[in-house]
Every structure is written in C-alpha cells, then in structure tokens.
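Novice: Two chains, two separate frames, one set of hints: put the complex together.
Line by line, the protein sequences give chains E and P.
In this text, residue positions in the first sequence follow this note's numbering: the first is 1, and each later residue adds one.
In this text, residue positions in the second sequence follow this note's numbering: the first is 310, and each later residue adds one.
Rather than coming from a laboratory, the hints here were simulated on the basis of the structure.
Where is the CB? At the ideal position from N, CA and C, for every residue including glycine.
Treat the hints loosely; a few may be bogus.
[Said to hold, decoys possible] Simulated coverage check for chain P against chain E, where a stretch passes if three residues somewhere in it have a Cβ under 8 angstroms from a Cβ of chain E:
1) 422 to 435
2) 498 to 505
3) 518 to 524
[Stated by the list, open to error] Covered by chain P, according to a simulated footprint, are these stretches of chain E (three or more residues, beta-carbon under 8 angstroms):
4) 6 to 13
5) 72 to 85
6) 145 to 155
7) 206 to 214
8) 268 to 282
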Amino acid sequence: MTAEMILPMILTVIAAATPLLLAAIGELVTEKAGVLNLGVEGMMLAGAVIAFATTVGTGSATLGILAAMVAGIAMSLAFGILTLTLMANQVATGLALTIFGIGLSSLIGSGYIGTPVSKLASLSIPGLSDLPVIGPLLFGHDVLVYASVLLTVGVAWFLKSTRRGLVLRAVGESDLSAHSIGYDVIRVRYFAVMFGGLCSGLAGAYLSLSYTPMWVEGMTAGRGWIALALVAFASWRPWRVLGGAYIFGGVTILQLYLQGAGGIGIPSQVMNMLPYLATIIVLTVISAGPWRGRLDAPACLGKPFRPAS
Amino acid sequence: MIRPIHRRTFLAGSAAAGLTLASGPFNAARAADPLKIGFVYVGPIGDFGWTHGHDLGRKAVEQKFGDKVKTTYVENVAEGPDAERVIRKLAADGNKLIFTTSFGYMEPTLKVAKTFPNVFFEHATGFKTAPNVSVYNSRFYEGRAVVGHLAGSLTKTGKIGYIASVPIPEVVMGINATAIWARKVRPDAEVKVVWINSWYDPGKEGDAAKALIDQGVDIITQHTDSPAPLQIAEQRGVLGVGQASDMKAFAPKAQLTAIIDEWGPYYIERTQAVLDGAWKTSDTWHGLKEGFLTMAPYGEAVPEALRTSADAIKTGIIDGSIHPFTGPIKDQKGEVKVADGAKLSDGDLLGMNWYVEGVSA
Chain E
1 MTAEMILPMI LTVIAAATPL LLAAIGELVT EKAGVLNLGV EGMMLAGAVI AFATTVGTGS
61 ATLGILAAMV AGIAMSLAFG ILTLTLMANQ VATGLALTIF GIGLSSLIGS GYIGTPVSKL
121 ASLSIPGLSD LPVIGPLLFG HDVLVYASVL LTVGVAWFLK STRRGLVLRA VGESDLSAHS
181 IGYDVIRVRY FAVMFGGLCS GLAGAYLSLS YTPMWVEGMT AGRGWIALAL VAFASWRPWR
241 VLGGAYIFGG VTILQLYLQG AGGIGIPSQV MNMLPYLATI IVLTVISAGP WRGRLDAPAC
301 LGKPFRPAS
Chain P
310 MIRPIHRRTF LAGSAAAGLT LASGPFNAAR AADPLKIGFV YVGPIGDFGW THGHDLGRKA
370 VEQKFGDKVK TTYVENVAEG PDAERVIRKL AADGNKLIFT TSFGYMEPTL KVAKTFPNVF
430 FEHATGFKTA PNVSVYNSRF YEGRAVVGHL AGSLTKTGKI GYIASVPIPE VVMGINATAI
490 WARKVRPDAE VKVVWINSWY DPGKEGDAAK ALIDQGVDII TQHTDSPAPL QIAEQRGVLG
550 VGQASDMKAF APKAQLTAII DEWGPYYIER TQAVLDGAWK TSDTWHGLKE GFLTMAPYGE
610 AVPEALRTSA DAIKTGIIDG SIHPFTGPIK DQKGEVKVAD GAKLSDGDLL GMNWYVEGVS
670 A
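Just chain P, with the same shape it has in the complex (with noise of 0.2 angstroms):
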C-alpha cells in the first residue's frame, strides 16, 4: 500500500525538485556563460583606416577564443555627451571588457568606470589610468621616424605634405617625428601641415591633399583615415604614406609604404587576462618592438639602397638602438629642446605641444 502523502510534503518536494531543475541549466549557463566585450569606435568600420584596424582586431579575438567570447561594437560614436551614454550603456548591458578606442572618450570612459568598478576598461591613445581603466597607445612615431627618412630621400622638392586632423600630442609627435628624420638626409626639408579638423572626411582630406601638392609638396603623408589624400597623390603623380592600413589599392604607384595598426595581439592578451582573473590597470605603450605597429612592403618607388638603410632604422628602433627623439633637436624659434644625446621621455612625448624646426604648422 502506498503511504499516503501529505499534501504539504508534495508541494515542498515539488518545488524543491523544480528548484534543482531550475538551477541546473542555470549553473550549466553560467559556468558557460560567453565573455561579453564591448568596443567604442569614433569611426564607421569600413573607413579603411583607423576603426577598420581596431575592428580587425576585435574580429581577431572572437577568432581566437569562439564561444567563450562575445564580442558587441558601437560605430560612429562622436567624442562627447554621447560617448558616455554608448558606453554605459555597453556596461550596463554586461560587457566586462570595453575598449573605448579614440582619444576624446577619456573623460566619458574615467566617469563611466567610477560608476561600474567590476567592469574593465580600455582606453586607446589615452594617458589617464583607474583602478578598472587602463590604457593602450602605439608608438606610431617609431613608423614616422622610418616614413620621415624615406620621404627626405625621395622628395625633390624638400616639401613634404602632412594632412593632420586635430593638435593633439599623438598628432604633433608624428609630424615632428617625420620632420626630424626627414631633415637627418635633407636639411633643408619642410614638413608643412594642414589641419583639417576631422578624423575622418575624405573629400577634405584630398582637398588638402591637392592644396599641398599645388603648392610644391611632392610627398603625402597623413595622420586621417581615409585613403584620399594617397588618392589625390596618385592622380598626381606624386608619392605618399598609407595610414592606418595598406592602401595600395589606391595607390599602387605612389604607396611608399604605410603604418599598419596591429591590435589583434594586445586584444587578445587583455581578453585572456580578464578570462584568468588577472586583468590589472596597466599603461602600455609598444611599438615595432613588440607588433603593436608594422610597416607595408616597399612601394616600387622606393629604390634598393634606401630600402635597406630604412630597414636599418627600423632594426634599430626594435633593438633599442636607436630612439627616433634623440638630441640634439631644436624646436621652430630655433632653441635647442633636447640636447645632444639626450632623449626625450614618455612623458615629454605625452605632452608635446610643440614643433621642431623645419615644421610649417
């Protein structure tokens, strides 16, 4: 005979058994719950420049870790108001690793963080850390030492073009990176800047482009993101650096070579850091050393020596030999800023609000 049970025992065996059933797949899930990361892009992905390289990396470490991760971005986000909205939004959505990839997200990535301390967060071509914020920089003035040394070889004019988008460091290192080592072969080279006041707008970019090579300029350089200015350079029939990309493309005759962004392997490193439990604030700033940055193949104007003398300065700046701020440098008054021997520091880089001599900007 069946022992009666108790309509109260049926009910707390019940829910207890549909409790256990509940949480199994719940614990299942959670166990195998994806990483969520976010990314922050100022741009569209198909710019084919600077959110193009970043999004090939985010797309790197959904390769690398499949399942585990999920991956989620944001284009076109403009720096300001909205900016912080985006990204609290993606922390408040679960993401626990965001990249916030353009310099003008400091402020918005700093306050977000304070109000999320269990999300990470990673802040490119920033200088401000937090506890959860660190940041992420390329050193893409060691590619300018090496486009500075080819276009002061190449340029029979002395005038070289840089379409440059806003005076901020990372902007200004660049341009007086290539002046310096473009005057180191022809002293009497000129690296004259136009501002164009915009990351990305490639029929401004080829207009400056055209304006510069209208006014003697016969070598384009570029710190925007659109292939237009090498473009403008090609239809020309002069030469030019590629940004951000490869873009010889567009300019199979006048691509000299090009600075290519590689942050697939510091993506990947951050994301297995968060996965281990190990992810700590960090300020990285690698170079040609460590990948963060390659250089195209020689365009078919770059002649044989010259290859091998720009191959040298690259070895170089990777065994530390050489430090493409190495004094004596003097700025645009002619005042010496760093004396010989001397080399100028992170932090001097950081900050530099100013020319070297032989810039026009």
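In isolation and in its complexed conformation, chain E is listed as follows (with noise of 0.2 angstroms):
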C-alpha cells in the first residue's frame, strides 16, 4: 500500500458507500415518521432492474434514473397502502415487499442479463476537474453520488430546521398527539414512505448504472438490508447514517485492498467480517459517549396508527 494509491481508494471507498447512503437516508426518513419499511432490498432491486431496462430501451441513463424513481415510489405506495390504510403489519409486509421486489426484478430483468451498458457518466468540469487531488476527489463523480450527500443535507436541514419536519418527527414520536392538535398522521407518513422509496430506487439505479453497469439477478446482494441496520446503528441521525455508510464501505475497501497488498496473515473470513464490525463498534461507541443526546427509535416507530375517535 502506497501513498499513490490513498486517492483511487477513496474514490473506490466513495462509489461503495453512496448506494448504502441512497438507501439508508431515505429509510431514515420513512422510520423517523413512525413507519418501519423492511422492504429496502425488494425497492432497490425494482430500482435497478427498471433504471437498466430503461436506459437500455431509451438509451437515457436520466430517463433511467427518473424511472427508477417512479420504480422506488411505486414499490412504496404498495407498501404504503397495505399498512397505513388496510393497517397491515408492517414488518410482514415490508418483508412481503423484499420477496417481491427481488422476485418481480428478475421476472422484469431476465431478458436484459448478458447486456451491456455504459457506465453513467462522470461529471467533468472544464477546469476543476483537472485539478491534480481534489479534481477527481471532489468534481469527478457521476450525479448520483452528490445526489447522496446533497440528500444528507436537505434531510438533515428538512427534519431539523423546517415546520415540516418538525411535524413529521412528531408523527413519528407520538401520533396521537398530532392527531388531535389537527396533522393529517397517514398523509405525512404516506409522503415519508414514498420518500423512502424514491431513495431506493435511486440507489438500485446507482448499483445498475454506475457502480456495476449490468444487470443480473440480486445484484444487491444485501445492501438493502445493511442499509436499514445502519439507519438504526446511526441512532436515526442523519449526519451518522452519512458517517456509517462511509466505515462500511470504507472499511470494506480497505480490507480489499489490503487483502491484494498481500502479507497481512489475517485469515480472508476475518477480513470480511471487519466491515460490520467496524460500523457496529464506532457507532454503538459515538452513542454511548458525550454526544449521547436521544438514542431511541421514534416512539411509534412500527405502530400503526388508529385514531381514538
């Protein structure tokens, strides 16, 4: 391991984590409303195999990722409708939701295995991206990936500083009580689960388009899932989800990379445990310590809801 090869990490590092990112802000956002989707994986396969077969059918990866939005929101809604208005279980059904989903993209996706396409393009700057370090570093990457950190922002700044958002923390913390001061409980939880699966879906067009150009079969292969635990390991904030899906990617990379430097000794199973590891011990270590603050899901977090009247 040289120093040479720190930046083509990171850049490796960046383009693991944005697709866990993608998927576990806008979970964070559905779950802080009181709603738990277990359905991430299921959204972001509908995601990827619709971005693919889009782009490969209109040959606009944007047409692609707008699609996969729709896909995400699609997905969601039926999931939305089944436990906020027919009040199903939501853990079963959001599992329902996964089997679908990987069931319904590889119905949608077996004829697209095999086809190939070009990678979502980079975006490139006339003059920043040139720069010797920070050009790739920062102006270098494909739409998606600043569309993960710009999403960190806005959710962070929306659930924080905006009426709204305080509105839908309450929601999400005690909805009865924001039912009687007036808040319509089902439809703000109706927007944060399509939200939820408006981010899935872009985080299956970002595996589909960019970080693996292809389609085939559970190409997720688990990110859904490492995606909710990291909304619940960042204590459902969104700065931390940010923070989590970095380690484990980062990590993940890195004993890649260390495993190619050869030498190391460490059995490859080790290796390949470190990432969950490594998530698990800094996140659970930054709850336990001063910047404890509230560690609780919301209060109503998987409870449906039933006004009294």
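Specialist: What follows is the structure, given as structure tokens:
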C-alpha cells in the first residue's frame, strides 16, 4: 500500500458507500415518521432493474434514473396502502415487499441479462475536474454520488429546521398527539414512505447504472439490509447515517486493498467480517459517549396509527 | 326374455367394470409418466455465471428428452440447513433424479439420500459418494493452466489478480494452476488473491478488481460468478478472463478468453441412465478432453503466436501428454511438494490446501 493508492482507494470507497447512503437516508425519513419499511432490498432491486431496462430501451441514463425513482415510489406506495390504509403489520408487509421486489426484478430483468450498458457519465467541469487530487475527488463523480450527499444535507436540514420536518418527527414520536392537534398523520406517513421508496429506487439505479453497469439477478446482494441496519446504528440521525455508510464502505474497500497487498496473515474470513464489526463498534461508541442525546427509535416506529375517535 | 340380473351380480359387475375403466387411464399414465428431475441452484439463473451454466444443462436435458422428463429447479438456495429442506422436498415431490450444484450441498445431499434410497442424487464438485449419490466435477484447473499461460505471457507488470470466493480445494487448485503455468513463461509472475467470501456479489467483485488494479495488477482472473470484475478491467484498460460463461459482451477488448462450463452432455447421459434403469453411483471428474469445459474464442489482445502456443497446451491436456500439475512444484515456503516429473494425483488435488510459489493469498 503506497501513498499513490490512497486517492483511488478513496474514490472506490465513495462509490461503495453511495448506494448504502441513498437507501439509508430514505429509510431514515420513513422511520422518523414512525413507519418501519423492511422492503428496502426489494425496492432497490426494482429501482435497479427499471433503471437498467429504461436506459437500455431509451438510451438515456437520465430517463433511467427518473424511472427508477418512479419504480421506488410505486413499490413503496404498495407498502403504504397495505400498512397505512389497511393497517397490515408493517414488519410482515415489508418482508413481503422485499420478496416481491426480488421476484419482480428477476422477472423483468430476465431479458436483460448479459446486456452491457455504458457507465453513468461522471461530472466533468473543464477547469475543476482536472486539478491534481481535488479534481477527481470532489468534481469527478456522477450525479447520484452528489445526490446522496445533497440528500443527506437536505434531510438533516428538513428534519431539524423546518416546520414540516417537525411535524414529521412529531408524527413519528407521538402520533395520537399530532393527530389531536390536527395534523393528518396518515398523509404525512404516506409522503415519508414514498420518499423512502424514491431514495431506494435511486440506490438501485446507482448499482445498475454506475457501480457495476449491468443487470444480474440479486445484484444488491444484501445492501438493502445493511442500509436498514445503518439507520438504526446511526440512532436515526442523518449525519451519522452518512458516517456509517462511509465507514462500512470504507472498511470493506480497505480490507480488499489489504488483501491485495498481501502478507497480512489474517484469515480472509476475518477480513470480510471487518466492515460489519467496525460499523457496529464505531456507531455504538459514538452513541454511548458524550454525544448521547436521544438514542431511542421514534416512539411510534412500527405501530399502526389508529385514531381513537 | 331378459334373465333377471341379481342386484349383487349387477353391483359386482359394475364395480369390476368401473375398476377396469379407472385403471385403464391409470395404467396408460404410469407407462407415460415423465421422469421428474430436480435441480438445486446456489445462485440465480440470471447470474450469467455458475448457475446459468447449470441451467443451460437443464435446458439441454429438456430439449433432448421432451415429454419424457419434467424438470424443476430451485434457485438461490443457501448452503446450509435450508438446502436440506429444499432437497428433501424435491425428493418427496417425486423427483427421481436430483442435481445439487454446489460444494456446500454435500452433507445435506448425503443426509437426504439416506432417507430416499430410491432417488438418485448427483452432487457437483463434492467428494463423498453413496450407493445413490454420485459426484461429478469438472477439471477447471485444465482451463486455468491455459489461462495462466496467457496471463504470464501478456502481463507487463508481472502481477496477475485473482478474485476468489472461499478457500476450498477447488478454488485453491485454480489459483495454483494459474500460478504454475504463468511462471513457466514468466518466472517472476505473482498471483495476488483477494477473497470476497461469497460466490456472487457483483459490487464487491468489482471493488476487489479495483483494489487489485490499483495495486499494479494488469490481468484479472476470477473464481466468482458475475461479469463485474471483467467490466472493471475493461473500464480500466487492463485484461481479464471470463468465468463460467463467455463474458465478451461486457469486455470486448479486455477478455482474453473464458472458461465455459458445459454440463449438458453429462446431464443428458445421467438422465438416459435413469430412463434405462442403468444408473449407478459414480465419481466423474472430466475436463477438456470430455468436453466438460470449453474455452471461449481468444480476444483481440491475444497475438497469433500466443494463440498457437495456448492451443498446443489445450491439445496436450486433451491427448494426455500434458498434466497441469507435473513436478517440480514448490510451495510458498520453497519446499518441493511435487518431484521432478511426478504428477499430483486426483486425491492430492481434491485435498489441496497449500499454495505454490508465487501466490500471495
């Protein structure tokens, strides 16, 4: 491992963390409103296959990304109708959504296996992208990478500093109180769920258009579950979700580079465990330390809303 | 005048007639009952790699035997307790021939085989047999020898990358074969291995490829199931080798060749054996000679002279004059593990747990 490897490694880390961050930030908003949507993996796969199919069909990656957002919203809407209007159990419905997404995506995608597509174009600003280190680091990514960071900033600001964010948080913490003040709990939750679906769709689109520009079945390989876990380990705070995604992605890539460098002597199985261990340890330590504050999940997480009246 | 038919006689007669009629179609159906064959896959058939290859074999069986067989497959079956449940269900559902297509299905297959002695099981890449369990494997290392030769000749940096799944003998054999044959043409070649602990994760496979390329590797080989590493190789302008299927669509410039699994002929042969009532337990380990694997056409990066020498190695392996693991072979510590002129036996290969010189795993 030499110094000149650090920049390529960081670039690889950013690519690895982005799908996790996109999915997790959407799920964070959903959970903050009190809805536990376990269907992230299914929504990501739906987004991935629709993005890929649209890009192959129309030749436009932009349309592909838009289609993935629509697909994510559609999947989450199905979840929303079942859990918010029909008041089905959220955990079971979320799991069903995941299984449905896996099956639907492999059905839609079966004709696209083995079809290559070109990688999502990276931003290239004439003067800035050519700067030695800062160029590729800050200005050489594709639109979804920037979207992931902007979404984190946006969500953090929205939840903390806007009235609607406060309403959303209230709905998640105490739905009956919010209802009695006059806020439409179900409507707020619908929007939160759809936002979560939109972000998961984007995460899937990133996987199939930029990360590994192809469609193969099950290509999320568990990233949806990791994103779900990240939300919890980040104590439902947006900036910690970003940190968690980058730690997880970072250690995953780091252990691959270390293996490639050779001569470590640590069994590869342990190396492959490191990302999970590192994320759990770091986020737990942060949550136990002086930055404590509110660690609890939104109080109404997972509970269907039944107005007393 | 009609003789009065007694009620008892009438009932007995109609019962007999009824049974005959009922067993008519029954008998006809039994004679034409298709042979039910089950397939257990470790990944999705859309992986364009390992499972895809097995599914092509299944389709070949369907095409050859038509109505005489009825195939079922279950994909994404995790190796472990779930596997046993799936295999047991296939056997209980009336499948008479079951193919379990991954190393990790070994114990579940044997366990289920004990409770279903009349069902025939075929376990891929395993090494334990039973009266109703056969094993079959492909000599992938023969393909790896040719790959090693190509890699050793074409690498400029001397570093060959290997994206591997889990350290089982089959994977170790492949790594060693690549290293031995690369070092025959380039004595200082190094095979750098990265383990991703999974047979299939396109994202991680791609990241492993990036990690290797960033550290100076210019030939990417893999023992994992997606085209992601080759795609990264193509993006970064290095060369690579496809795995389990021809991945040229993903890497038109980068792919040197690919090792393609051909399970169709073996599956047809075993199905025929069951249909003929002649199925016997067997341990089949075939290679290039019997067509268990073939190699994709050479990519544009392979010059004419190299194609000739690679073809010569293929021919040598097929006619038996070349055995990829012929001594002298030293291990990583420098000890001579195979003497000059000696060959590693099948048993040694199946238990291989050491790396040859030049492998950094």
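Novice: At least three residues with a C-beta closer than 8 angstroms to a C-beta of chain E: is that true for the segment 422 to 435 of chain P?
Specialist: violated (count 0)
Novice: Taking 8 angstroms as the C-beta cutoff, is the stated coverage of the segment 268 to 282 of chain E by chain P satisfied by three or more residues?
Specialist: Three-residue rule met by the segment 268 to 282 of chain E, so holds; n is 4.
Novice: Take the segment 6 to 13 of chain E, compare each residue's beta carbon with every beta carbon of chain P, and decide whether three or more fall closer than 8 angstroms.
Specialist: It holds: at least three residues are needed, and the segment 6 to 13 of chain E offers 3 whose Cβ sits within less than 8 angstroms of chain P.
Novice: Counting residues of the segment 206 to 214 of chain E whose CB is closer than 8 angstroms to a CB in chain P, do you get three or more?
Specialist: holds (count 5)
Novice: Quick check: the segment 72 to 85 of chain E, covered by chain P? Criterion 3+ residues, Cβ under 8 angstroms.
Specialist: It is violated, with 0 qualifying residues against the three required.
Novice: Check, residue by residue, whether the segment 498 to 505 of chain P contains three or more positions whose beta-carbon lies closer than 8 angstroms to a beta-carbon of chain E, and give the verdict.
Specialist: Result for this restraint: holds, n = 5.
Novice: Are there three or more residues in the segment 518 to 524 of chain P whose C-beta lies within less than 8 angstroms of some C-beta in chain E?
Specialist: holds (count 5)
Novice: Residue count check for the segment 145 to 155 of chain E against chain P: does it reach three with CB-CB under 8 angstroms?
Specialist: violated (count 0)
In this structure, the earlier hints numbered 1, 5, 6 are contradicted, and the remaining ones agree with it.
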